[in-house]
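In order, the protein sequences belong to chains Z and C. Its first residue numbered 1, the first sequence is counted upward by one per residue in this note's numbering. Its first residue numbered 1, the second sequence is counted upward by one per residue in this note's numbering.
Keep in mind the hints are simulated off the structure, nothing from the lab. Do not take every clue at face value.
Below, in silico cross-link-like pairs of lysine to any residue (SDA-like), each with a Cα-Cα straight-line distance of 20 Å or less [stated by the list, open to error]: (1) Z:K42 <-> C:L26; (2) Z:K42 <-> C:E22; (3) C:K41 <-> Z:L110; (4) Z:K100 <-> C:H85; (5) Z:K100 <-> C:T32; (6) Z:K112 <-> Z:E83.
Take a look, some chain Z residues computed to stay more than 10 Å from chain C by CB distance [claimed, not checked]: (7) A70; (8) K71; (9) D84; (10) S93; (11) G98; (12) N99.
Note that the Cβ used here is the ideal one computed from N, Cα and C, for glycine as well.
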Amino acid sequence: GENVEQHPSTLSVQEGDSAVIKCTYSDSASNYFPWYKQELGKRPQLIIDIRSNVGEKKDQRIAVTLNKTAKHFSLHITETQPEDSAVYFCAASMRAAGNKLTFGGGTRVLVKP
Amino acid sequence: GAVVSQHPSWVICKSGTSVKIECRSLDFQATTMFWYRQFPKQSLMLMATSNEGSKATYEQGVEKDKFLINHASLTLSTLTVTSAHPEDSSFYICSARDLRGGGLQETQYFGPGTRLLVL
Numbered sequence: 001g002e003n004v005e006q007h008p009s010t011l012s013v014q015e016g017d018s019a020v021i022k023c024t025y026s027d028s029a030s031n032y033f034p035w036y037k038q039e040l041g042k043r044p045q046l047i048i049d050i051r052s053n054v055g056e057k058k059d060q061r062i063a064v065t066l067n068k069t070a071k072h073f074s075l076h077i078t079e080t081q082p083e084d085s086a087v088y089f090c091a092a093s094m095r096a097a098g099n100k101l102t103f104g105g106g107t108r109v110l111v112k113p
Numbered sequence: 001g002a003v004v005s006q007h008p009s010w011v012i013c014k015s016g017t018s019v020k021i022e023c024r025s026l027d028f029q030a031t032t033m034f035w036y037r038q039f040p041k042q043s044l045m046l047m048a049t050s051n052e053g054s055k056a057t058y059e060q061g062v063e064k065d066k067f068l069i070n071h072a073s074l075t076l077s078t079l080t081v082t083s084a085h086p087e088d089s090s091f092y093i094c095s096a097r098d099l100r101g102g103g104l105q106e107t108q109y110f111g112p113g114t115r116l117l118v119l
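Using the sequences provided together with the hints, build the complete structure.
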């Protein structure tokens, strides 16, 4: 089955700096890659996603890039703010597997004011 | 749109009892829902895929007789943890895909989760 690895596990940045989280996946058939933000005790919230026919997608301060050849994708957060502090999860899915999401291990991001 | 609710939000029970958790899609119909378990400071692990009108599909290592799933309608799936033990204490989260409007259907929306503590 699919395996998703995520790095780093923790990330501390100064407010205003950029944060980058990287994920790799194992199954080249995966075609959908969402990113979720989870605050303590809350549900995961979709912040951005990308499909395999696109190499990059941006939404205000958040961007995601996908390299299908290398089977990795990354989340970029610019101009970080304290409210960006949370745990971020990447995931991958494929239609052939019923769109089940396989999650990475998560990255705990701390934005210091 | 695409709101998923869960009930209860938290439950404390004695070892050996059974606990039922409900997952509802409030403003859309969901032929498929997913059940995840999340231990503290860990990632979400898929337990099973709940299919309306048919049997659930369980992930490897998940006991189907212990985690009973029923998806009786297009807006409701239930997870029953039977004979719960302390090691079943966890955060249980469901998700559903909004199939309205056709098109791309991969996006999953999560419920708020149910925190289970088994004493």
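Original post:
When the hints from earlier in the document are held up against this structure, which numbers fail?
Top reply: Hints 4, 10, 11, 12 not satisfied by this model.
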